[in-house]
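Asks: Protein sequences appear in the order of chains A and B.
Every position in the first sequence, counted from 1, becomes a number in my numbering once 1 is added.
Every position in the second sequence, counted from 1, becomes a number in my numbering once 18 is added.
Hint data in this document are derived by calculation from the structure and do not stem from the laboratory.
Remember, predicted model here, so these are calculated numbers, not experimental data.
Worth double-checking, as some hints may not be accurate.
Here are the in silico distance ranges between beta carbons for each label pair [as the list claims (entries may be wrong)]:
| hint | chain 1 | residue 1 | chain 2 | residue 2 | range |
| --- | --- | --- | --- | --- | --- |
| 1 | A | Gly326 | B | Leu247 | 35 to 41 Å |
| 2 | B | Ser329 | A | Leu79 | 21 to 27 Å |
| 3 | B | Arg256 | A | Arg322 | 45 to 51 Å |
| 4 | A | Arg55 | B | His209 | 32 to 38 Å |
| 5 | B | Trp480 | A | Phe6 | 34 to 40 Å |
Calculated pairs, SDA-like style, for lysine to any residue (alpha carbon to alpha carbon, straight line, at most 25 Å) [claimed, not checked]:
| hint | chain 1 | residue 1 | chain 2 | residue 2 |
| --- | --- | --- | --- | --- |
| 6 | A | Lys63 | B | Thr174 |
| 7 | A | Lys190 | B | Ser155 |
| 8 | A | Lys63 | B | Ser155 |
| 9 | A | Lys190 | B | Val552 |
Partial pick of chain B residues on the chain A-facing surface, computed with a CB cut under 10 Å [to be verified]:
| hint | residue |
| --- | --- |
| 10 | Ser168 |
| 11 | Thr202 |
| 12 | Val304 |
| 13 | Gly360 |
| 14 | Leu373 |
| 15 | Arg470 |
| 16 | Glu473 |
Backbone N, C-alpha and C define an ideal beta-carbon position, used for all residues, glycine too.
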Amino acid sequence: MEELFRKSLFLPEQASSIAKDVDHLHYAIITAALVMAALIFGFAAYCLIRFRRRSETDVTRKVQGTLGWELLFVGVPLTTFLVWFYIGYHDFIRMQTPPPGAMDVYVVGKQWMWKFTYPEGPNSIGVLRVPVGKPVRLLLTSRDVIHSFYVPAFRIKQDAIPGAYTQTWFEVTKPGSYRVMCAEYCGLKHSEMWAEVVALSEADWDAWMKEQREGRVALRDASPSGPEREEPGIPARRVARYDAQEPHGEVMYGERGTLPERGERVAAERGCLRCHTVDGTAHIGPTWLDLYGRQERLTNGETVVADEAYLTESMMKPQDRLVEGYEPVMPSYQGQLEAAEVAALLEYIKTLRSARLENTRSEGPVYEPSGGK
Amino acid sequence: MNPAAGSNQPAVTYLNHETTVASWLLTRDHKRIGVMFLVGVIFALLLGGIFAMALRIELLTPGPTVMGPMTYNRMFTLHGVTMVWLFMIPAIPSAFGNFVLPIMLGAKDVAFPRLNLASFYIYLAGSMLTVFGMLWSGADTGWTFYTPYSTVSPTTVTPILLGVFIIGFSTIITGLNFITTVHTLRAPGMHWTRIPLFVWTIYGTSVIQVVATPVLGMVLLLVTAERVLGMGIFDPSRGGDPVLFQHMFWFYSHPAVYIMVLPAMGVITEVVCAYSRKNIFGYKMVAASTFGIAFVGFFTWGHHMFVSGQSTFGSGIFGVLSMLVAIFTAIKIFNWVATLYGGSIDLKVPLLYVLGFIFLLMFGGMTGVAVATTSLDVHWHDTYFVVAHFHYIMVGAVLMAFLAGLHYWWPKMFGKLYPERWSFLAAMTIIFGFIVTFLPQFLLGNMGMPRRYYEYPREMQWLHVLSTAGASLLAFGFGLIAIYLLWSLRYGEEAPMNAWGSRGYEWYSGSPPVPHNFTEAPRFEREVHDYTVVEGPRVY
């Protein structure tokens, strides 16, 4: 039954943990729509035949709507729609909330390719390798225009927006290769901006990551994706194009090592550490120690969790949501930091954990050179 | 145009009392302005249709077929821009609204006849600038002009943005004019509870036009400023916010869907009543639901942004509010069908279009609920499912109602009858063609075919072929209509005063109407579409 529905609606295979639930609601709505349509058109057809015009002088009765009928007309669809909304929103919240302990991958969209970076270090273009059965959180951004990361088999989609980080997550249920497409129109080769998610078994994944760490495999995958792949008559896409891309910022270019290691260098070279400390001491800006996931109180009275989105926002628009007790002195790094550098900084900040378990707020600032307290 | 001996048409009509070119171009007669708008929007439909056929032909094969990606990207932009701004938004309010609204109210003209003429020329100027932009180099941004792509695109977006900006003024002026007309120019006996439902929908539409269009104007100017001056409002590298554009754009463009659909619903109501010889079932509910849609339509724009990174809570609110639109639409659908009950139904061509309308609105609406269901929208957002959905609900609805209205009011406007059999054949072709064109696109969307794709995976091809076949049927149907309507203007049978025995108020005046609609002031003594009283056609 399940398969019959899925195939007759042309839905792709269900390869993520959420896909089945999404599809079930889909079946319910389509079935209800068909039943409703059949009822309404059945009634209309009955009227067309039963009340067809028999002579030009026909006189009709005046039939007025009554409150009871109108309430029925409103009540039945409203109840149905609210039930669907409830189920759908429940699933939507699940889709929007990565489980704790999910593996992070940074995704950068660029006209017209997808680049993936793992916190452990490896980069790849066009191919996202993930382990089966483990939640994967994607942190997406874009280097130019808005793109949208879409995996039909996972039923997920998320826009990648320049200057901001958005997130989505999935958990693949079976090994295989799944098509990634760009769903937000992004220019000339929008329809060629393809990639694939390769879901590996736990053992294969570990082996691949081990190879990557040892640097035995080329740093970047050449993309095998794209519509041409399926067109035997047409020569395969020139993969070399991706190697000719411009460098990802001075600091990151040619760098190896894990993202936190690179982040440490970015922090030093971009001057972050002139105001932020990494050892918990107060300085011009909040310390980075235990910053990730901390509840910060802002000058406008709100509280915000310092997650990837907020940290990125603080780099790009530091004045917008300022942590309470600090002066608005930080310059914007918009256009200064490359997306890859931001990712490296975020991963670096995430590694800065003290032994303390309590979740403290930032202390007040000290306007003195670092270490002079 | 000369009335033959024994004709029951007025001797002097708005068509023949002056016949110089200048008398048309400088007219302040709402009927002539309506006819000029009708010609304008039909040209736009033709232009948009040609672009659509080119797109469908390109999509016959998975790879390149007849054009390159740049041409294709320009083509779909121009298709969208033309159809939305040059055809669907002005089609029913500016053409039919102008023609019949004052007559329905028993007025001699609209409240501001000169402004009315100005609105036509503003529409013409905006359209010409837009078409000039298209022919000069064209834009490849899609009709939505999403930033930051629209600010960096190598094509010439600016003239098109400005063209659409100018057309917006035409919309606002027309809206103001109709609101004032409804408030001030109702004939004796035209109480608020007797106002025809077509007028109610035009009134609701006008409110949206006046309130929402300025926001579109602002955002289009901002994009223009961003392109020309590099302002940085939507550019993140200058501290701007690219998603801000989407909020402002959809704040107008979502209600704009109701600018298109509400008047269509008004036409449908008139036609249902006329051909089933019945009063509308639940007049007050149908009128009230118009304003329900107009009002709620302002609070649903965020459902275009479920995957843009807006807050999960916000998405939930926008999702549930969007469903209310479906409730108000459902009220209308139920009431139309209930109107058939106990009627004297004559399945003529306009009623056939009504059935097509209800079918498309039903599935367009239900799939609308489906995409408002947040979790499902994540999969469907920006796929062909959405393309099919909005073609069903806005294009299908507007086209069906436009054709229903065109046929229903044809004898009123030109005093001629169209050939019944040909029109029946054309209507069947159009309804069937529409379904064959867009039904496969729902399935393509399910498969995961994103919209605005020049190339696509091979397994999707046969559905695209089916869709193109449907589009060809549609084109054939339109060709047929064009031929027989033009034929009927010259050779068609002269229409009687009230060709359909309708009790809509617009049939109080002659067919075609006399220059100032009525020779003596009309009084409205019965409800609109009241078929319980026996009454011959009358002309004031």
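Asks: For each hint, tell me whether it holds in the structure or not.
Replies: Hints, one by one, checked against the model:
Range check, Gly326/A to Leu247/B: about 38 Å between beta-carbon atoms, so the 35 to 41 Å window is met. Judged by the Cβ atoms, the range 21 to 27 Å given for Ser329/B and Leu79/A holds: they are separated by roughly 25 Å. Taking 45 to 51 Å as the suggested C-beta distance range, the pair Arg256/B and Arg322/A does not conform, at roughly 19 Å. At about 34 Å, the CB distance of Arg55/A to His209/B agrees with the hint of 32 to 38 Å.
Taking 34 to 40 Å as the suggested C-beta distance range, the pair Trp480/B and Phe6/A does not conform, at roughly 21 Å. A hinted pair counts as satisfied when its Cα atoms are at most 25 Å apart, and Lys63/A with Thr174/B does not qualify at roughly 58 Å. Pair hint Lys190/A plus Ser155/B holds up; C-alpha atoms about 18 Å apart against a cutoff of 25 Å. A threshold of 25 Å between alpha carbons decides the hint, and for Lys63/A with Ser155/B the separation of about 58 Å lies outside it, so the pair is violated.
About 66 Å separates the Cα atoms of Lys190/A and Val552/B, which puts this hinted pair outside 25 Å; it is violated. Below 10 Å, beta-carbon pairs count as interface contacts, and Ser168/B has one with chain A at about 9 Å; its hint therefore holds. Proximity of Thr202/B to chain A is violated relative to the hint, the smallest CB-CB distance being about 30 Å (cut-off 10 Å). Restraint check, Val304/B versus chain A: the minimum CB separation of about 9 Å is within 10 Å; hint holds.
With a cut of 10 Å, the hint placing Gly360/B at the interface with chain A holds, because the nearest CB-to-CB distance is about 5 Å. Checking Leu373/B against chain A: minimum C-beta separation of about 7 Å stays under 10 Å; hint holds. Here the hint on Arg470/B is kept, as its CB sits about 4 Å from the closest CB of chain A, short of 10 Å. Proximity of Glu473/B to chain A holds as hinted, the smallest CB-CB distance being about 4 Å (cut-off 10 Å).
Violated hints for the displayed structure, listed by number in ascending order: 3, 5, 6, 8, 9, 11.
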